[in-house]
Every structure is written in structure tokens, then in C-alpha cells.
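Line by line, the protein sequences give chains Y, Z, U and C.
Start counting the first sequence at 1; every next residue gets the next number (this note's numbering).
Start counting the second sequence at 1; every next residue gets the next number (this note's numbering).
Start counting the third sequence at 1; every next residue gets the next number (this note's numbering).
Start counting the fourth sequence at 1; every next residue gets the next number (this note's numbering).
Please note that the accuracy of each hint is not assured.
Claimed, not checked - Cβ-to-Cβ under 8 Å is the rule here; a few derived chain Y residues that face chain U:
| hint | residue |
| --- | --- |
| 1 | Val24 |
| 2 | Gly25 |
| 3 | Asn65 |
| 4 | Leu66 |
| 5 | Asp99 |
Because the hints were derived from the structure by calculation, they are not lab data.
Cβ atoms here follow ideal geometry from the backbone N, Cα and C, with glycine treated the same way.
4 protein chains.
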Amino acid sequence: MASEREQAIFEAAIKLGALYHQFVGTPVSRTTASSLETAIQESISLQPYVLEVHVSIDRGQMEENLYGYSELKGTMLTVDVVTRVGDACCHARLRRKGDYPLMEIIRCYEEPQNTDH
Amino acid sequence: MASEREQAIFEAAIKLGALYHQFVGTPVSRTTASSLETAIQESISLQPYVLEVHVSIDRGQMEENLYGYSELKGTMLTVDVVTRVGDACCHARLRRKGDYPLMEIIRCYEEPQNTDH
Amino acid sequence: MASEREQAIFEAAIKLGALYHQFVGTPVSRTTASSLETAIQESISLQPYVLEVHVSIDRGQMEENLYGYSELKGTMLTVDVVTRVGDACCHARLRRKGDYPLMEIIRCYEEPQNTDH
Amino acid sequence: MASEREQAIFEAAIKLGALYHQFVGTPVSRTTASSLETAIQESISLQPYVLEVHVSIDRGQMEENLYGYSELKGTMLTVDVVTRVGDACCHARLRRKGDYPLMEIIRCYEEPQNTDH
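Please model the entire structure based on the sequences and the hints provided.
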């Protein structure tokens, strides 16, 4: 049986894999990057066990094509996601490493749920 | 050789096919539908020959799963896009017809470009 | 009202926009390119008004990442699609032009449907 | 620091999230399901740490639309993936549970790598 910590890891990774393949290829520019960040962030927030998520798109990598826009590439994305299963939290990240969009576990920790309410 | 009118039609259809397959499957809820509409709209606006675009997601079709959210289905989308190539404009639409997400040409028309500036 | 020829153009463009945004981002290598070509081709063939479709992925553009594979980029794709609405046919193409994955109308023509049966 | 077992879990989940959002929405029918299964399977096999993967699409859920085809839905997919990081393996699965496409850890185990070579 997987522990809560392992399940938190599992859930965090699902989110990174999912958003990557959902949104890569979307037309984007410096002007529209912000609305795309918001949409990605909000869509991930809906998914199970997500405690926090932050999405940032690197405008510096946007090379304009003939028509003045780019497409979202995996390496443009920096995403931090924190999941919680029971008391176990996992902070995972997608971030460019060289030419590769690396996904990795940053930290796992226990955080007792507030049960005052 | 394709006429400007035909090219406007061609370009409008590309946009509808593109956004459909880019965004279908995205987690969405009544709370987040609006940011997703904005992101889709802005991403299409970047593409060549787009004059206007309007995206609306039908909240009524959102059936919550176990975890309280839905996924964007093609039939949830109503999208109007107007493209212009030279003086020729094409207004095309994606809209649910029964269970099918129908894409169709609404109207083609000539609109001389404002060349005062 | 749109003519059959215009509708054939419209339908061809939908297919190009659709497949592009459905499949871009898929992990691919020289070894697997052929199964991906087949899957794309067969999935487009299902869509309305498609008479013929041919998909080819440029292995030459595959630069291996750290882990020995690539992701499908729009510029890797050469796709020819022929649609038919009534007697009107449209042959459209997606093909790299410089760094841009260009979609264009190649030719429209009339071809009376075989009504012997 | 994450253990090898935790990393195997992380990697398995990435693959499930990724393929889900890459391929959901693809036009599919009983005739083409098999080529789509192959393409999904081969594309996942390329990704890091994947030892085994098996993809199956439920033909029984395919309800034909007006034009005689369906679109791939998440609940149609049964995917088993086994990842290995060092000696640690993780077997994870995507499978319909009611109306939800559930992803879960099936089993983690140690399997010493063959180091004869």
C-alpha cells in the first residue's frame, strides 16, 4: 500500500505531466502570456489534492514567427505545485534544465491539517 | 489559385480546428471557466488573419466529477471567429448541434480595409 | 450561402488545424515516428468529408534530448488532405516554410461522384 | 531527498498525466483504436524510466456521432505503466472508476537490475 507521502508525490507528478501536454503548442506572445498563466494555474487548482500551484511562462524564450507570435514550449514553463494527501505534502517542480523541461520532486514534508473547524 | 474569400474561409476553419483540439480535456469549473475563455480567446487572436474572436463555455453542461470539476468538452464551446484576407471576411462558428460540436461558415462578406492611416 | 467548393476548403482547414494541436508535443523518435504517422492519418480519416490524407514526419528535425527522444513539432509535419463536399474537392497542405508550419490550399477541383452504385 | 522508490512513483505518474492530456480528444473508432493504442504506447515508451507500458482503449464506450466516429475520452483508457529508478519499480494504472478516469499506484517493488553485462 502506498503511504500518504507517496500518494502526494504521485498526485503532484500527474499534474505536471497533465498541464505540460494539455497546453504545449498553444499560441502565445508577451501580451497574452499572463492570461495563459492564469488559465493553466486555475485549471490545475481544480484537480484533486492540489494545495498550491504557481505557473510562470518565460517571455525571454518567445521567438516571434512570421506572424509575430510563438507557441508555448515545455521549456518556457516554470511550474511549482504542492499537493497534500492526509498530512503529507509534496512540492514538485517543472523547470527548464538546459534544453530539457525537467520535472522533479523538490521536497516532501508533513503538515498537520488544521482541524479546528 | 484561391480567392481572398476562399483564403479567409480557410483561415477561419484552421482556428476552429486548432482551438478545439488544443483545449478540449482541460479541467474546468464554473469558477474557472472565465479565465479559460479569456486564454483561448487571446491565443486565437494571435493567429494570422484573425479580426475578431469570441469564446463562450457553457456552464450548464458542466457535470461535476468525484472531485468537483469537469473537463472541457467540445460541445461546451461556442466560438465565433472572423478572419480577413485582403477585403474578404469570413465569419465562422463552432457550436453544439445536438451532441455534435458543429463548425460552420456563417457568412462571408467584403469589407474594404480602412486605408486612411 | 457557402458553395460546395467553399465548404470543401473549410473542412480541409479544420482537419489541419485539428491534427496540429492534437498531436504537437507527443514524444517521438525515429523508431516510433511511423506508428505516430499511422495514428494521425487514421484519426483524420474518420472526420467528415475526408477523401484522402497523408501524414509524414520529418525524422531529420528530431534532435534527441537528454533521454534520447524528441517531441513532435509542427514544422516536422507534412500533411496532405483532400476533402470532398458534393462534387467539389479541396487539396490542402501543412508543410514547413522556413521556421513556420504553413497551412495552404493547394488546389480545388470538381470530381463528379461515382453514382453507379 | 526522494528515494528511488519515490522517484519511480513520480515518474510513473508523469506518464499517466501526460498521455491523458496529449491524446484525449483524438478522433477514434473501432477501426482505428488499435493504431492509436500503438502510437500512445510507443510514445510513452520513449520517456525516461519507463520499463513497460500497456494501453487499451475500451471500444464499448465508443458512441458514434453524426459522422460515425467518437473522440477519445479519458474513461476509455486503461493504461498500465511500470517505471524503474535504480532497483525500485512502480506499477501505476489509469482506469475508469465509475465516471472518473482514476490514476493510482498499484504496487512498488524492488528488482535488482541485471548487471551481468
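Against the structure, the hints come out as follows:
Because the closest C-beta pair between Val24 (chain Y) and chain U is about 4 Å apart, less than 8 Å, the hint holds. The interface hint given for Gly25 (chain Y) holds, since its Cβ lies 4 Å from the closest Cβ of chain U, which is under the 8 Å cut-off. Restraint check, Asn65 (chain Y) versus chain U: the minimum CB separation of about 5 Å is within 8 Å; hint holds. Residue-level restraint check for Leu66 (chain Y) holds (minimum Cβ-Cβ distance to chain U is 5 Å; threshold 8 Å).
Residue-level restraint check for Asp99 (chain Y) holds (minimum Cβ-Cβ distance to chain U is 6 Å; threshold 8 Å).
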